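Now for the letters of each chain:
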Amino acid sequence: MTNEDNAKLLEELLNKQQAGELRPKDRFAVPAQAMPEQDATARRRNVSEVAQGYTEMQARLEAMRCLQCKTAPCVKGCPVQIRIRNFITAIAEGDYQKSLSIIKENSLLPAVCGRVCPQEVQCQETCTVGLKFKDVSQAVSIGRLERFVADLEKNGGAAPTVAPATGKKVAIIGSGPGGIVAAADTRRAGHDVTVFEAFHKPGGVMVYGIPEFRLPKAIVQEEIDTLEQMGVQIVTNFIVGRTRTIDQLMNEDGFDAVYIGVGAGLPSFMGIAGESLVGVYSANEYLTRANLMKAYDFGSGADTPIAASKRVAVVGGGNVAMDAARTAVRLGAEKVYLIYRRTEKEMPARVEEVHHAKEEGIEFHLLQSPKRILGDEDDRVKAIECLRFELGEPDDSGRRRPVAIEGSEFEIDVDTVIISIGNHANPLMRQTTPELDFNKWGNIVVDDNCKTSMEGVYAGGDIVLGAATVIPARGQGRIAPAGINDYLADK
Amino acid sequence: MSHKIVRKRQLGENVFWAQVEAPLIAQARKPGQFIILSIDNDYSERIPLTIAGADPAQGVIELIWQRVGKTTAELANMNEGDAIANVSGPLGMPTHIENFGTVVCVGGGIGGAPLLPIATALKEVGNKVLTILGFRSKDLLILEEEFAAISDELIVTTDDGSYGRKALVTEPLKEICQRDPKPDKAFVIGPTIMMKFCCETTRPFEVPTEVSLNTIMIDGTGMCGGCRVEVGGRPKFVCVDGPEFDGHEVNFDLMMKRMTAYKHQETTAYDDYRKHECRIGLDE
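As you go down the protein sequences, you meet chains G and D in turn. 1 is the number of the first residue of the first sequence in the numbering used here; add one for each residue after it. 1 is the number of the first residue of the second sequence in the numbering used here; add one for each residue after it.
You may find that some hints are simply not true.
Restraint-style ranges between C-beta atoms, simulated for each label pair [to be verified]:
(1) G:Pro434 / D:Gly126: 23 to 33 Å
(2) G:Asp490 / D:Asn77: 54 to 64 Å
(3) G:Lys491 / D:Asp55: 29 to 39 Å
(4) D:Gly101 / G:Asp376: 42 to 52 Å
(5) G:Gln248 / D:Gly101: 31 to 41 Å
(6) D:Glu98 / G:Gln248: 16 to 26 Å
(7) D:Gln27 / G:Ala165: 47 to 57 Å
(8) G:Ser397 / D:Glu98: 42 to 52 Å
(9) G:Asp378 / D:Lys138: 32 to 42 Å
Calculated cross-link-like contacts (lysine-lysine; reagent style DSS-like; alpha-carbon spacing at most 27 Å) [to be verified]:
(10) G:Lys16 / G:Lys132
(11) D:Lys257 / G:Lys371
(12) D:Lys182 / G:Lys310
Just so you know, these hints were derived from the structure itself, not from any lab. Quick caveat, the model's predicted, so the values are computed rather than measured. The beta-carbon is built from N, C-alpha and C at its ideal position, and this holds for glycine as well.
Given only the sequences and the hints, what does the whole structure look like? Please build it.
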């Protein structure tokens, strides 16, 4: 449809609405709005954002698709309980400022979450429109609408107001999504808040892990700037546990409460032969070199190198695997294979990321898994040997268990292997904080309010949950500061 | 917070020493730990350097480094009063210090720098400390006096015989292992190849040997896994599991290969930087 057609359709819908004649069938008739995207061939050679955001007309039409269900099933799927239908109504009405302020009641990072949250398994999964079409991709694009209003405000947003000073000090460990939200929520309550970041730049996984083409760094920086405008202090190059322990922060440096949001860490490897060969990376390392350290500019400014790969195998089926594979393409790889031991249906990655990866020419090797990695005489990767699998009975996770087919070994010639099969809990906190209780996997044990076994210390995100996505981290990022605020109010 | 270089000296043709402002690290650091620094924020690489010493009262740490590539050369070109953008630490597990009895400490080249605080701490808790320091030649000699002050016995070797005994460190190490009683423990820090051969020397004598590994790192906090080495056949992360390991279990051959992963790029970067240095020279 042309822009004029769209404008006409919108006008008709609005007129009907005004007349009280807008029926659900009119809303169902509005086509789901496709996200404008950078051309797949062009974007293989740049790091600019792939999804370019709705136009105003698209956003308003998409908003008109929302049925305004009284039961709001979408909100039940939202970890931070955004008043979704209200913000969508405001978009339909063209009142974007109001829309954004509704979102901001519950979410501080709409520009980030609109982009990287897995809405198809959260708010959009339960959307009535999607259910009606028996297709979650037909649900109202809540995430894209959230992004639309968030992007309009770029640089112009006022920092949230801060309550009068309480005289209490809060330390936030980690400046990833969970830490940012916890810092904002405790600062809003009037506490003196300091965020400690181990890296030289704040933002956590949003700056070292998620690539520019999916989440521009400038957006993350705006969120950090907002925190600073609110009076939050951000200290980089500070490794809590090593530079100062939690005990020192609380008993010598005057902090009354602590939030631990240090993220996952410690990348998992498969335990197969050849994983220490030159050219085998964890996805964390590969992405950190490419993103945070800007290795794509090696030779024209950046000091940090990265393999000049021609043929790359990425092992895993999650969002991080897609990020690594798509980064390899942009760094000039001619062939990128994604090796996953189940089928596409079981892939934990977002459908959108899988789709983008395929469009960019990544070759999917499903129902296959590496048996070993082979090296040349210099111990550099030369091939990966895989086994074929078939799906058997469902396992504990409800997904059908992949079973190796005996004798099905075959080799793929590659020069680089990127392992992206998840993370173990980072041992740093455990090594340095004997006062905390950990479970057998090394994750911090917390109660329903995210409170740990240590007085005044709360924790959330991947160090508690195991590796997850941005939004569950943020869910706990809200529960924990609420717990901290209550704790400090009583103290 | 930036980190000012308070004092700086050149110890040898390619070896430099500096005191750098880092008050919290100076307070927290223990023998065996290291820092990661980057010179500037945006494009600089992060490199691990061991902490050679610290003065908590003055809030400074001591670094000793060898000019081997672009970043170490850039650092060597900085002057007193200049500031390093990022210094984070202390990282890694501190050395386990106890009274083992007799310990032999072996330092190769600038490996002596991280070895000194360890040997000092071992001496302080009552060990008999035998030190072997090895250098390629006399002009690379460092820290002889400092080690003499804390060692019960000090042997200096040079490859070319220009100072001390003309030998590789493994020679006196073997002799010490042959003594009766043999040493109770060995600590070895130096180039990977030297650590490997020291471990081969102590192995038949069953002298437990700690080595301190200095692999390629990025974050240094256990996130990226770039620093992994095979120890006892299993992957270990130098930054959080180490940097010290049982040297008899370390797969040194693989580690040396991994250390060369970016050799080509590193050489290119260093060559470009040196060309740039020359141009600066011409302008002046």
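Could you check the structure against the hints above and give me the numbers of any it violates, in ascending order? Violated hints (numbers, rising): 7, 12; every other hint is consistent with the structure.
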